[in-house]
Amino acid sequence: MIALLLRDLKLAFRAGGGFGLGLAFFLIVTVMVPFAVGPQSSLLSTIAPGVLWLGALLACLLSLDRLLALDWEDGSLDLLATAPLPLEAVVTVKALAHWLTTGLPLVLAAPFLGVLLNLPMPGFFWLVISLLIGTPAMSVIGTFGAALTVGLKRGGLLLSLLVLPLYVPTLIFGAEVARRGATGMEVQTPLLMLAGITAATIALLPFASAAVLRINLR
Amino acid sequence: MTLTVTDLSITRGGVPVLEGLSFQLLPGKALILRGPNGIGKTTLLRTLAGLQPPLEGKIEGAEDQIAYASHSDGLKPTLSVTENLTFWAAVFGTYDIQPALDAFELNELADRHAGNLSAGQKRRLGLARMLVTGRPIWMLDEPTVSLDRNAVQMFADAVRTHLGQGGSALIATHIDLGLDGEVLDVGPNKAKPKPIDDFDGGFL
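Protein chains in written order, with our numbering: chain A, 1 to 218; chain B, 1 to 204.
Misleading hints may appear alongside valid ones.
As the list claims (entries may be wrong) - Distance condition first, Cα-Cα at most 27 Å in a straight line; then the derived DSS-like pairs of lysine-lysine:
#, chain 1, residue 1, chain 2, residue 2
1, B, Lys122, A, Lys153
2, A, Lys10, A, Lys153
3, B, Lys29, B, Lys58
4, A, Lys10, B, Lys122
Stated by the list, open to error - Label-pair restraints from in silico Cβ distances:
#, chain 1, residue 1, chain 2, residue 2, range
5, B, Glu56, A, Leu158, 31 to 37 Å
6, B, Asn107, A, Leu6, 22 to 28 Å
7, A, Leu108, B, Ser22, 36 to 42 Å
8, A, Leu192, B, Pro16, 40 to 46 Å
9, A, Arg154, B, Gly120, 53 to 59 Å
10, B, Asp111, A, Ile47, 49 to 55 Å
11, B, Asp111, A, Leu192, 23 to 29 Å
12, B, Asn107, A, Ala36, 54 to 60 Å
Because the hints were derived from the structure by calculation, they are not lab data.
Virtual Cβ for every residue (Gly too), placed ideally from N, Cα, C.
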């Protein structure tokens, strides 16, 4: 399992691995927002938590179609399925690798981009916390979507359509935590909901992903 | 370690391709799978490897014993030859890749990226992967595609060594590898093993 994680991380950082793609997209979206909505700092600080969350979510989505498709194309997925590793472990490790190469950099970049959007001071802490809790769910749900669409030509569009509705609860509660945090309100309820969603997806979805992968590999 | 297949029926895309197939693969033996294109050789190997369920019939002795090599080699172009092999060795819990590098003469290529290898060299690396799995039953799907005469010999030697160590191999191929084993001809209406002596290897 560790070998698979290390290989995926190595692949992500090698040429053409796609590391930084999500990060660059996140950066572009947040930098463009002030140009689009105007420079009034009060307006920007109102929408900052939502924009940052939406940007992070779409950036996560961007790299999902490569998550399993590359392994499927070169045959490693077939070989992994016949290896001693259970497929549940394979998809979990794949999701973890996706989070480490896409989700975690977004979490770390978010505070700096928050400055660009004039995010209120108390909001930074809650933005990072909510992204830290929310992004693993996005990787796990994304892996499920990737498992559903693996083997389809141009499956990327279908993948986005399948995964985006599943991202909605995470987006609602995650952005709510950041928004409430920024305005100094109580964050406990949305934070617990967000953490609950993440915990449930991590606990359940690897089994679903492995099951659909088995069917797709036939 | 004996693989026993009884009355196996398999499907490809919902259409039954082979029906009532029975054979036994004993340790130290190779079984050469022959048949025209589209008859279901790949589907049979995928079914035995556990990638798809059989329609009916029994497969015994396959659980965690099979190393499967498909048409594609499962190589990552941006990883070196050593990194590719080390990864598969770690997945299968074996850690010594040197014998595999030696058997397929990959030592000189060890630090090259797999993406820069020729088709035949990639195939050799893909076959070297079989050696690091440490599994007794090899399932090989057209292993000699894009190999030159010398590499085919390398491969045949590797299989012979594997058989000598008590392993077994089921090989779907159209060429004569000169191995000790039977031919399982899965052409229409003849899904029964027959001895290799009947086989005319002259068309190689």
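Evaluation of the provided hints:
no.	hint	verdict
1	Lys122/B / Lys153/A	holds (25 Å)
2	Lys10/A / Lys153/A	holds (26 Å)
3	Lys29/B / Lys58/B	holds (20 Å)
4	Lys10/A / Lys122/B	holds (20 Å)
5	Glu56/B / Leu158/A: 31 to 37 Å	holds (33 Å)
6	Asn107/B / Leu6/A: 22 to 28 Å	holds (23 Å)
7	Leu108/A / Ser22/B: 36 to 42 Å	violated (59 Å)
8	Leu192/A / Pro16/B: 40 to 46 Å	violated (53 Å)
9	Arg154/A / Gly120/B: 53 to 59 Å	violated (31 Å)
10	Asp111/B / Ile47/A: 49 to 55 Å	holds (51 Å)
11	Asp111/B / Leu192/A: 23 to 29 Å	violated (51 Å)
12	Asn107/B / Ala36/A: 54 to 60 Å	holds (58 Å)
In this structure, the hints that do not hold are numbers 7, 8, 9, 11, in rising order.
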